[in-house]
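Novice: Take the sequence shown: its letters are residues 1 to 200, numbered as in the UniProt record's numbering.
Because the hints were derived from the structure by calculation, they are not lab data.
Note that the coordinates shown come from a computational prediction; the quantities given were computed from them, not determined experimentally.
Think of the CB as a built atom: it goes at the ideal place given N, C-alpha and C, for glycine as much as any other residue.
It cannot be assumed that every hint is accurate.
What follows is a set of in silico ranges between Cβ atoms, one per label pair, in the way DEER data are often shown [unchecked claim]: (1) Pro166 x Ser90: 25 to 31 Å; (2) Pro91 x Leu128: 15 to 21 Å; (3) Gly43 x Pro125: 46 to 52 Å; (4) Ala69 x Ala141: 28 to 34 Å; (5) Arg71 x His193: 23 to 29 Å; (6) Ser20 x Pro92: 36 to 42 Å; (7) Arg71 x Arg131: 39 to 45 Å.
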Amino acid sequence: MHWNHFVALGDSITASVGNSVPGIESLRWADRIALALRRINPGLRYDNLARHGHTTQDVHTRQYPEAAALRPDLVSILSGGNDVLSPHWSPPQYRDALEALFRAFRKQGSTVISFTLLNPASILPARLAARTCARLQEAHAIIRDLSGRYQCICVDCWHLASTHDPRIWSADRKHPNALAHQLVAAEVERCLHLATGIPA
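Please take these sequences and the hints and turn them into a complete structure.
Specialist: Structure, rendered in C-alpha cells:
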C-alpha cells in the first residue's frame with residue numbers, strides 16, 4: 001500500500017522543528033515521514049499546513065478547507081496542546097472540533113493519523129504539571145475514542161518512554177526539539193507499518 005498525497009495539519013509541533021540538536025538533522029517529524037513515504041512512492045506530494053498557535057477549532061475552520069481541496073489520501077492531525085493550555089479549555093468543544101475533522105477526512109476517503117500528545121511533566125513545576133497532565137488525560141480519552149470510532153491510525157506519543165526525557169524540549173520549555181521530532185517520526189513510521197504493512 002502506498003499514498004499519493006500527504007497533508008499535515010496541526011499547531012507548532014507540526015509547523016516547526018524547535019531547537020537544533022547536535023548530530024540530528026533539523027527536520028520536522030512530518031518532513032521525515034514524507035521522506036520515508038517517498039522511498040516507497042517517489043511521486044508523493046506533501047503539504048504541511050500546520051500553523052503556530054492554532055487550536056483544534058482553528059485547524060478545522062482555517063486549515064481544513066485548504067486541505068480538503070487538495071484531496072489528500074493521507075492526513076495527519078496533531079492538535080490539542082493549545083486547547084489544553086487555554087484558560088478556556090473545554091473538552092466538549094475539543095471533541096466537537098476533532099470529530100468534525102476525523103469525520104470529514106474519513107468521509108473523503110483519507111487515511112487519518114491521529115496522536116496523543118507529548119508528556120510535559122518533566123519540564124513543568126509540580127502544580128502546573130498536575131493540572132496540565134489532568135487536562136491532557138481528558139484530551140487523550142477523546143482522541144482515543146474518536147480514533148477508534150473513525151478507524152484512525154493513532155500514534156501514542158504520551159506512552160512513548162523516550163518522550164518523557166526533558167532533553168527532548170527546546171530552550172523555551174514549550175516546544176519539542178529536533179530530537180523529539182526524530183523520535184515522533186520513528187513512532188509514526190512504526191505505527192504505519194503495523195497498520196498497513198509498509199516498510200518502517
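Novice: Look at each hint and say if it fits the structure.
Specialist: Results for each hint:
1. Pro166 x Ser90: 25 to 31 Å: holds, 30 Å
2. Pro91 x Leu128: 15 to 21 Å: holds, 19 Å
3. Gly43 x Pro125: 46 to 52 Å: Since the Cβ atoms of glycine 43 and proline 125 sit about 48 Å apart, the hinted range of 46 to 52 Å holds.
4. Ala69 x Ala141: 28 to 34 Å: holds, 32 Å
5. Arg71 x His193: 23 to 29 Å: Given range 23 to 29 Å: holds, Cβ gap about 25 Å.
6. Ser20 x Pro92: 36 to 42 Å: At 39 Å between Cβs, range holds.
7. Arg71 x Arg131: 39 to 45 Å: For arginine 71 and arginine 131 the Cβ distance comes to about 40 Å; the hint holds.
The earlier numbered hints are all upheld by this structure, with none contradicted.
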